[in-house]
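Chemist: This is what each chain is made of:
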Amino acid sequence: MHVPVWHDATKDLQAAGKLQMVGVIQEQHPDRARLFMQWKNMEWPILVDSYNLLGVPVVPITLAIDEHGVIRQINPPRGDVELLERTFLSQDFDPPDPPGSVGPETPNLDALRPASGSENVDVWMAYAYALAVWGGGERRDEAMGAYTTAVRLNADDAMARFRLGVAYRMRYDSDARQEGDFNRAVQHWSDALEINPNQYIFRRRIQQYGPRLDKPYSFYDWVNTARAELEAEGETPSPLAIEPRGAEFAQPTRDFSASTAPEEDPDPRGRVLRDEGPFIGIEVVAVPPVIDPGATARFHVVFRPVEENLSHWNNEAEELGLWIDPPRGWEVERHYLTLPLPPQATSQETRILEVEVRAPERRGSGVTTIPAYALYYVCEDVDGLCMYRRQDLELQVSVRGG
Amino acid sequence: MVHHRISAVLSLALFFSVTCVGVVSAQSRGGGTGFQIGQQFPEVALPSLESGQPASLVGFRGKKTLLHVFASW
Numbered sequence: 001m002h003v004p005v006w007h008d009a010t011k012d013l014q015a016a017g018k019l020q021m022v023g024v025i026q027e028q029h030p031d032r033a034r035l036f037m038q039w040k041n042m043e044w045p046i047l048v049d050s051y052n053l054l055g056v057p058v059v060p061i062t063l064a065i066d067e068h069g070v071i072r073q074i075n076p077p078r079g080d081v082e083l084l085e086r087t088f089l090s091q092d093f094d095p096p097d098p099p100g101s102v103g104p105e106t107p108n109l110d111a112l113r114p115a116s117g118s119e120n121v122d123v124w125m126a127y128a129y130a131l132a133v134w135g136g137g138e139r140r141d142e143a144m145g146a147y148t149t150a151v152r153l154n155a156d157d158a159m160a161r162f163r164l165g166v167a168y169r170m171r172y173d174s175d176a177r178q179e180g181d182f183n184r185a186v187q188h189w190s191d192a193l194e195i196n197p198n199q200y201i202f203r204r205r206i207q208q209y210g211p212r213l214d215k216p217y218s219f220y221d222w223v224n225t226a227r228a229e230l231e232a233e234g235e236t237p238s239p240l241a242i243e244p245r246g247a248e249f250a251q252p253t254r255d256f257s258a259s260t261a262p263e264e265d266p267d268p269r270g271r272v273l274r275d276e277g278p279f280i281g282i283e284v285v286a287v288p289p290v291i292d293p294g295a296t297a298r299f300h301v302v303f304r305p306v307e308e309n310l311s312h313w314n315n316e317a318e319e320l321g322l323w324i325d326p327p328r329g330w331e332v333e334r335h336y337l338t339l340p341l342p343p344q345a346t347s348q349e350t351r352i353l354e355v356e357v358r359a360p361e362r363r364g365s366g367v368t369t370i371p372a373y374a375l376y377y378v379c380e381d382v383d384g385l386c387m388y389r390r391q392d393l394e395l396q397v398s399v400r401g402g
Numbered sequence: 001m002v003h004h005r006i007s008a009v010l011s012l013a014l015f016f017s018v019t020c021v022g023v024v025s026a027q028s029r030g031g032g033t034g035f036q037i038g039q040q041f042p043e044v045a046l047p048s049l050e051s052g053q054p055a056s057l058v059g060f061r062g063k064k065t066l067l068h069v070f071a072s073w
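Chains A and B supply the protein sequences, listed in that same order. With this note's numbering applied, the first sequence has no gaps in its numbers, which climb one by one up to 402 at the end. With this note's numbering applied, the second sequence has no gaps in its numbers, which climb one by one up to 73 at the end.
What the hints contain is simulated information worked out from the structure, not anything from laboratory work. Warning: the hint list may mix true and false statements.
Quick list of in silico lysine to aspartate or glutamate cross-link-like pairs, EDC-like style, CA-CA up to 16 Å [unchecked claim]:
id: 1; chain 1: A; residue 1: Lys215; chain 2: A; residue 2: Asp255
id: 2; chain 1: A; residue 1: Lys18; chain 2: A; residue 2: Asp92
id: 3; chain 1: A; residue 1: Lys11; chain 2: A; residue 2: Glu82
id: 4; chain 1: B; residue 1: Lys64; chain 2: A; residue 2: Glu235
id: 5; chain 1: B; residue 1: Lys63; chain 2: A; residue 2: Glu85
id: 6; chain 1: A; residue 1: Lys11; chain 2: A; residue 2: Asp122
id: 7; chain 1: B; residue 1: Lys63; chain 2: A; residue 2: Glu229
id: 8; chain 1: A; residue 1: Lys40; chain 2: A; residue 2: Glu231
id: 9; chain 1: B; residue 1: Lys64; chain 2: A; residue 2: Glu318
id: 10; chain 1: A; residue 1: Lys18; chain 2: A; residue 2: Asp8
id: 11; chain 1: B; residue 1: Lys63; chain 2: A; residue 2: Glu231
id: 12; chain 1: A; residue 1: Lys40; chain 2: A; residue 2: Glu229
id: 13; chain 1: A; residue 1: Lys18; chain 2: A; residue 2: Glu119
id: 14; chain 1: A; residue 1: Lys40; chain 2: A; residue 2: Glu235
id: 15; chain 1: A; residue 1: Lys18; chain 2: A; residue 2: Asp97
id: 16; chain 1: B; residue 1: Lys64; chain 2: A; residue 2: Asp92
id: 17; chain 1: A; residue 1: Lys18; chain 2: A; residue 2: Glu85
id: 18; chain 1: A; residue 1: Lys11; chain 2: A; residue 2: Glu43
id: 19; chain 1: A; residue 1: Lys40; chain 2: A; residue 2: Asp92
id: 20; chain 1: B; residue 1: Lys64; chain 2: A; residue 2: Asp325
id: 21; chain 1: A; residue 1: Lys40; chain 2: A; residue 2: Glu233
id: 22; chain 1: A; residue 1: Lys11; chain 2: A; residue 2: Asp94
id: 23; chain 1: B; residue 1: Lys64; chain 2: A; residue 2: Asp12
id: 24; chain 1: B; residue 1: Lys63; chain 2: A; residue 2: Glu233
Have a look at the derived ranges for each label pair, beta carbon to beta carbon [said to hold, decoys possible]:
id: 25; chain 1: A; residue 1: Asp12; chain 2: B; residue 2: Glu50; range: 50 to 60 Å
id: 26; chain 1: A; residue 1: Pro77; chain 2: B; residue 2: Lys63; range: 20 to 30 Å
id: 27; chain 1: B; residue 1: Glu50; chain 2: A; residue 2: Ser259; range: 26 to 36 Å
id: 28; chain 1: B; residue 1: Glu50; chain 2: A; residue 2: Glu231; range: 20 to 30 Å
id: 29; chain 1: A; residue 1: Thr369; chain 2: B; residue 2: Glu50; range: 39 to 49 Å
id: 30; chain 1: B; residue 1: Gln36; chain 2: A; residue 2: Asp80; range: 43 to 53 Å
id: 31; chain 1: B; residue 1: Gln36; chain 2: A; residue 2: Thr253; range: 47 to 57 Å
id: 32; chain 1: A; residue 1: Val302; chain 2: B; residue 2: Gly62; range: 42 to 52 Å
id: 33; chain 1: B; residue 1: Gly62; chain 2: A; residue 2: Thr87; range: 35 to 45 Å
id: 34; chain 1: B; residue 1: Glu50; chain 2: A; residue 2: His2; range: 32 to 42 Å
id: 35; chain 1: B; residue 1: Gly62; chain 2: A; residue 2: Thr225; range: 33 to 43 Å
id: 36; chain 1: B; residue 1: Gly62; chain 2: A; residue 2: Glu331; range: 55 to 65 Å
id: 37; chain 1: A; residue 1: Asp221; chain 2: B; residue 2: Gly62; range: 16 to 26 Å
id: 38; chain 1: A; residue 1: Gln344; chain 2: B; residue 2: Gly62; range: 21 to 31 Å
Here the structure is a predicted model, which means the values were calculated and not measured. The beta-carbon is built from N, C-alpha and C at its ideal position, and this holds for glycine as well.
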């Protein structure tokens with residue numbers, strides 16, 4: 001791996017004070033980088049750039065920066081310390097003329113707010129940047145508003161769209177989550193990539209949650225290894241706010257393995273009573289939302305007990321199940337998915353099932369709706385009435401013209 | 001004072017847009033990274049992973065530095 005190689009190769013130089021290492025993380029979930037740093041024994045400062053405020057088109061990038069803040073080498077040969085010492089560390093560099101500033105001051109965010117009628121995209125992007133860096137989660141919605149305005153003023157601003165998607169996914173992962181946040185994140189990332197298909201940060205953000213056929217590698221399969229190795233050494237692994245799951249662990253594949261084993265529709269005549277509370281809210285996200293003929297999409301089906309109905313999962317019965325019945329020509333990796341139950345009798349956690357489908361090779365463009373339904377045991381309250389219920393849902397994905 | 005702050009943040013935004021637009025022209029020197037040799041590193045502030053507080057990369061001046069823009073995946 002790129003960065004650990006550099007770290008190991010330069011340990012002595014770091015210890016001698018001849019070289020400092022600094023990282024800028026380009027991840028939606030930056031605390032995973034903290035675990036990674038702990039695992040690899042890399043104790044140096046890390047800055048978080050989930051929004052890609054640096055505007056980098058790709059990672060990793062290594063820059064050799066002199067003591068005056070000037071870039072002297074870009075992507076020097078990985079781990080070649082002898083070359084680095086000869087061509088960078090032993091060199092005396094002149095300070096730039098004019099000298100660099102002392103860096104950005106903490107801005108007055110309210111004073112920065114553009115006039116509501118302003119049509120200057122740069123001003124809105126600057127305001128959004130300031131909110132993203134100095135406003136924290138409390139002012140994330142304002143940053144989203146500023147990026148939304150920037151996108152309205154310039155629909156081709158791929159970076160504004162990407163950053164708006166990042167903000168939506170951040171809100172999705174927070175207690176302030178609103179219905180549709182993950183869908184909007186994926187849509188904005190997809191729009192950004194459509195505008196700038198050369199931007200690998202955009203592409204990776206979609207692939208992180210997307211289907212295996214489109215994956216360059218598993219994004220977070222290292223997490224369990226890291227935890228096991230840290231625990232074996234007596235360390236407590238750094239906690240993660242959002243656990244990686246499903247698509248984030250999935251390995252890439254070259255072949256789509258559709259279900260061939262016979263699977264039985266668990267409610268072919270639709271006799272199970274519908275969840276009319278509803279006691280379970282269901283959100284479906286297609287990643288990516290638009291695919292080519294013959295390509296795959298990964299559906300994230302998210303189940304949440306509805307708080308105002310005091311809903312609880314009943315875990316003393318059968319597993320949560322999801323039956324998918326794709327139209328002719330479409331393939332699904334499995335028709336019936338289930339999720340193991342937790343040990344406690346009742347619970348209120350969010351549950352997620354992920355499934356991949358493949359579009360026919362020949363198909364006209366447009367939106368396809370894949371019928372599905374979920375079966376689950378739910379209780380009105382901890383000691384309330386428990387029911388076996390069905391909820392019908394639709395998995396929708398768009399296919400480009402074939 | 002307010003105008004100075006707006007200018008500072010706006011100049012950052014313009015830097016970023018120039019950086020993005022300039023990716024192709026930088027390829028000969030920066031390998032398509034968006035950076036150029038001889039360029040002052042952007043005076044950008046980003047939240048620290050540890051504290052969450054904004055930290056400027058200017059704060060790391062004074063020592064030779066390897067700066068890695070990366071992801072754990």
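Chemist: Hint by hint, say whether it matches the structure.
Modeler: Going through the hints against the structure:
1. A:Lys215 with A:Asp255: Satisfied, since the Cα-Cα distance of roughly 12 Å is no more than 16 Å.
2. A:Lys18 with A:Asp92: 13 Å, holds
3. A:Lys11 with A:Glu82: This hinted pair holds, its Cα atoms lying about 13 Å apart.
4. B:Lys64 with A:Glu235: It is violated: about 32 Å lies between the C-alpha atoms, which goes past 16 Å.
5. B:Lys63 with A:Glu85: Holds, at roughly 14 Å.
6. A:Lys11 with A:Asp122: Judged against 16 Å, a Cα distance of about 42 Å means the pair is violated.
7. B:Lys63 with A:Glu229: 33 Å, violated
8. A:Lys40 with A:Glu231: Cα-Cα ~13 Å, so holds.
9. B:Lys64 with A:Glu318: 61 Å, violated
10. A:Lys18 with A:Asp8: OK: Lys18 (chain A) and Asp8 (chain A) at ~15 Å, within 16 Å.
11. B:Lys63 with A:Glu231: With Cα atoms ~35 Å apart, Lys63 (chain B) and Glu231 (chain A) exceed 16 Å; violated.
12. A:Lys40 with A:Glu229: OK: Lys40 (chain A) and Glu229 (chain A) at ~10 Å, within 16 Å.
13. A:Lys18 with A:Glu119: 48 Å, violated
14. A:Lys40 with A:Glu235: 13 Å, holds
15. A:Lys18 with A:Asp97: The given pair, whose Cα atoms are some 24 Å apart, is violated under the 16 Å limit.
16. B:Lys64 with A:Asp92: The hint holds at about 10 Å.
17. A:Lys18 with A:Glu85: 10 Å, holds
18. A:Lys11 with A:Glu43: Holds. Lys11 (chain A) to Glu43 (chain A) sits at ~11 Å (cutoff 16 Å).
19. A:Lys40 with A:Asp92: The hint is violated at about 32 Å.
20. B:Lys64 with A:Asp325: Given pair Lys64 (chain B), Asp325 (chain A) is violated - Cα atoms ~60 Å apart, limit 16 Å.
21. A:Lys40 with A:Glu233: Judged against 16 Å, a Cα distance of about 13 Å means the pair holds.
22. A:Lys11 with A:Asp94: Violated - the C-alpha atoms of Asp94 (chain A) and Lys11 (chain A) are around 26 Å apart, more than 16 Å.
23. B:Lys64 with A:Asp12: Given that 16 Å is the threshold and the Cα spacing comes to 14 Å, the pair holds.
24. B:Lys63 with A:Glu233: 33 Å, violated
25. A:Asp12 with B:Glu50: 50 to 60 Å: About 25 Å separates the Cβ atoms of Asp12 (chain A) and Glu50 (chain B), which means 50 to 60 Å is violated.
26. A:Pro77 with B:Lys63: 20 to 30 Å: 21 Å, holds
27. B:Glu50 with A:Ser259: 26 to 36 Å: Violated, since Glu50 (chain B) and Ser259 (chain A) (Cβ atoms, about 46 Å apart) do not stay within the stated range.
28. B:Glu50 with A:Glu231: 20 to 30 Å: 22 Å, holds
29. A:Thr369 with B:Glu50: 39 to 49 Å: Since the Cβ atoms of Thr369 (chain A) and Glu50 (chain B) sit about 46 Å apart, the hinted range of 39 to 49 Å holds.
30. B:Gln36 with A:Asp80: 43 to 53 Å: 21 Å, violated
31. B:Gln36 with A:Thr253: 47 to 57 Å: About 39 Å separates the Cβ atoms of Gln36 (chain B) and Thr253 (chain A), which means 47 to 57 Å is violated.
32. A:Val302 with B:Gly62: 42 to 52 Å: 48 Å, holds
33. B:Gly62 with A:Thr87: 35 to 45 Å: 20 Å, violated
34. B:Glu50 with A:His2: 32 to 42 Å: With Cβ atoms ~22 Å apart, the hint is violated.
35. B:Gly62 with A:Thr225: 33 to 43 Å: 37 Å, holds
36. B:Gly62 with A:Glu331: 55 to 65 Å: The hint (55 to 65 Å, Cβ to Cβ) holds, given that Gly62 (chain B) and Glu331 (chain A) are roughly 59 Å apart.
37. A:Asp221 with B:Gly62: 16 to 26 Å: Check failed, 39 Å falls outside 16 to 26 Å.
38. A:Gln344 with B:Gly62: 21 to 31 Å: For Gly62 (chain B) against Gln344 (chain A), whose Cβ atoms are near 55 Å apart, the range 21 to 31 Å is violated.
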